[in-house]
Amino acid sequence: MPDYAFMNQRLFEGDEESVARLTEEALAVGRPALEVLRDGLIAAMRVVGEDFKYNRIFVPEVLLAARAMKAGMAVLQPLLTQSEGAASAGTIVMGTVKGDLHDIGKNLVGMMAEGAGFKIVDLGTNTSADEFIAAVREHDADLLGMSALLTTTMVYMKTVVDAMSDAGLGNVPICIGGAPITQEYANEIGAAGYAADAGSAVQLFKRLTAEGGEEVSASVGP
Amino acid sequence: MRPKLEILETSLVERVLDEAFSVLESTGILIESEDGFDRLRQLGLPGDQATRRVTFPRATVEHAVETAPSGFTLFDRSGQPFTELAGDRVHFVPASSALRILDRSSGVVRDADSADFVEYARVANRLTHIAYLSTAFIPKDVPSDIADGWRLYLAMASSEKPIVSGAFTADGVPRMGEMMSLLRRDRDDLAARPCSIFTCCPSTPLRWAEDAIRNLLDCAEWGIPVEVVPVMLLGMISPATTVGALVLHSAEVLSGLTVTQLVRPGTPVLFGGAPASFHMQLMTNPMTAVEALQVYCGYAQIAKHLQLPCQAYMGLSDAKFNDPQAGAETGVGMFLAALAGFNSVSGPGMLDYVNCFSLEKLVFDDELAAHAHHYMRPVEIKDDLPTRPLLDELLRENHLLTAEHTLEHWPEELYLPGPMIDRTNWDQWELQGSKDHRQRANELIDEALTDHDVEPLDPAIDAEIRRLFSSTCEESDVSLPELPG
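Residue numbers (our numbering), protein chains in the order written: chain D, 13 to 234; chain S, 640 to 1124.
Same shape as in the complex, but just chain D:
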């Protein structure tokens, strides 16, 4: 039986090499991939989420743990997709909207979401509606995330929302965020959700994605 407590501890400490090796060792002794995912990786990320919520650890430690989680996931991914269903909590296409080059917040959301088990397709900055639509189609995305820092560029979010609808992708939930964005604005342009910070964005993604349940994702937000 693998020592999952030890594996959890290594993940908690952000030791990606050990997590990858321990994941391989668990599989080598015949443990099912879903068990390794649940008991070795997600259990640790649940502690990470709790500790972050109660100010026992902070953003850098969460990201290190998320990176270690990703290392373990890289080992598990082929097995899970082949035989036991998708391991990802969902695929999110995200980008900063056209005209805007500010991506710090968007990157943080991406990293936190990745740590929670989402697959992130990051389109970077200055992203047009066409680029968003193409990526959503190409990756069969479960969710689209957009960010903007400027009041002059946030209006482009409505352009993307409308274009997604016109392209027949109105069923893909769209989440928006950024300093000038509010829940009211999200409602106004028909976005499915808004989050004020990276932690609550991850919670929002989990609520809005079909596969984003507790079984395959872990909370990293408050």
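Quick caveat, the hints were computed from the structure, so don't treat them as lab data. Backbone N, C-alpha and C define an ideal beta-carbon position, used for all residues, glycine too. Misleading hints may appear alongside valid ones.
Listed next, with one range per pair, are the computed distances between beta-carbon atoms [said to hold, decoys possible]:
# : chain 1 : residue 1 : chain 2 : residue 2 : range
1 : S       : Glu1052   : D       : Asp15     : 35 to 41 Å
2 : S       : Asn1037   : D       : Leu91     : 29 to 35 Å
3 : D       : Pro90     : S       : Thr1063   : 38 to 44 Å
Position chain S relative to chain D; hints supplied.
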């Protein structure tokens, strides 16, 4: 190097001191008590019986400055070393002797009683950045002639931390000295391991009042550390200009320091002060006036030139309530005090010209003190010069959140404030209950009171201290209040 503020050229410091020495030697100080005057004469100071002015020969004052320690250690209630007041070590401590408190429940200003004082002392004991306590306000449920000692007792019973205190009456110091010596083997042990600093105030201009000179002499005889705190009003009872005010201020502090050293060489003395401005329209005395802040920073420099520890009444506010004025005046004062290197900064918790104490303000000021301390950390190379490797990593990874350098340094470099400084965004704030500063302060106060874990005083010591007050209470036909459990 440590961030610091100097506002005087060294040559000007020396000229101010020359002038102060000259004032002491020629004009001297009025001693408003025959006993005090006689005692100073016995100590060797020249004096004129008719005018009751004592003069201070320059050599005597200079010798006193040499015998006064450049720093000293304060000890806690149990006699363990607590902190050192020396160099540029800064300590924030509640201001003293308010007449009223701002009730934290009702928001109304009212008289305080012993239960209020115990609550204050327990909270101050828990606050990390409030270095030690003061006898911050005056409980009105005991006779006024024992209120000084009673406050000290309440603080001693509620906290392990040292206490800034002082006497209101001529015979206050011996009684309080006896109280404190009960915590030690004897008087000599108390002098060797002091748990208190006593405030002694000359009366500007150039006077020591009857009670004040007696208290100063008694403190020196007991070996109790003293902060000499002139309270001048710029433009009224001192020159309106900074340099002239500094001369007067220095002369008054040095008069007190010299007396202590003549009585007991080596008595710790803080070069203190509470200069205020005089409001030429309202006739009030703003303690936080911007010109007074300049006098503070000037005399800190003079104290450091003389290699003496220093004290200031900064980090308080003249506002009536915890409003924007209170925050601004307190924050500015604390940062200037820290930059000037004051060893003991009396101010947190105080409003309204040192007349009103607020526990809510104290917990807010504890956070400001943390900010000031954090700002004062030395600026030095921390694995960040050369910088290019870090920048290369930043450009490669798009962030440094998980960089080794960040992981090693952020916990010390990036200060995370407590709840009194709101760093939430609007949504987080709403999610957490939309609490205003009073709600957050009262939550911290309640938490501190719940967590109070200071052992009560030894029952024998407690009984002996209460006995010291009993005769006064019998005369006044009042009972000593019982302390809250």
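Outcome of the hint check:
no.	hint	in the structure
1	Glu1052/S <-> Asp15/D: 35 to 41 Å	holds (36 Å)
2	Asn1037/S <-> Leu91/D: 29 to 35 Å	holds (31 Å)
3	Pro90/D <-> Thr1063/S: 38 to 44 Å	holds (42 Å)
When each numbered hint is compared with the structure, no violation occurs for any of them.
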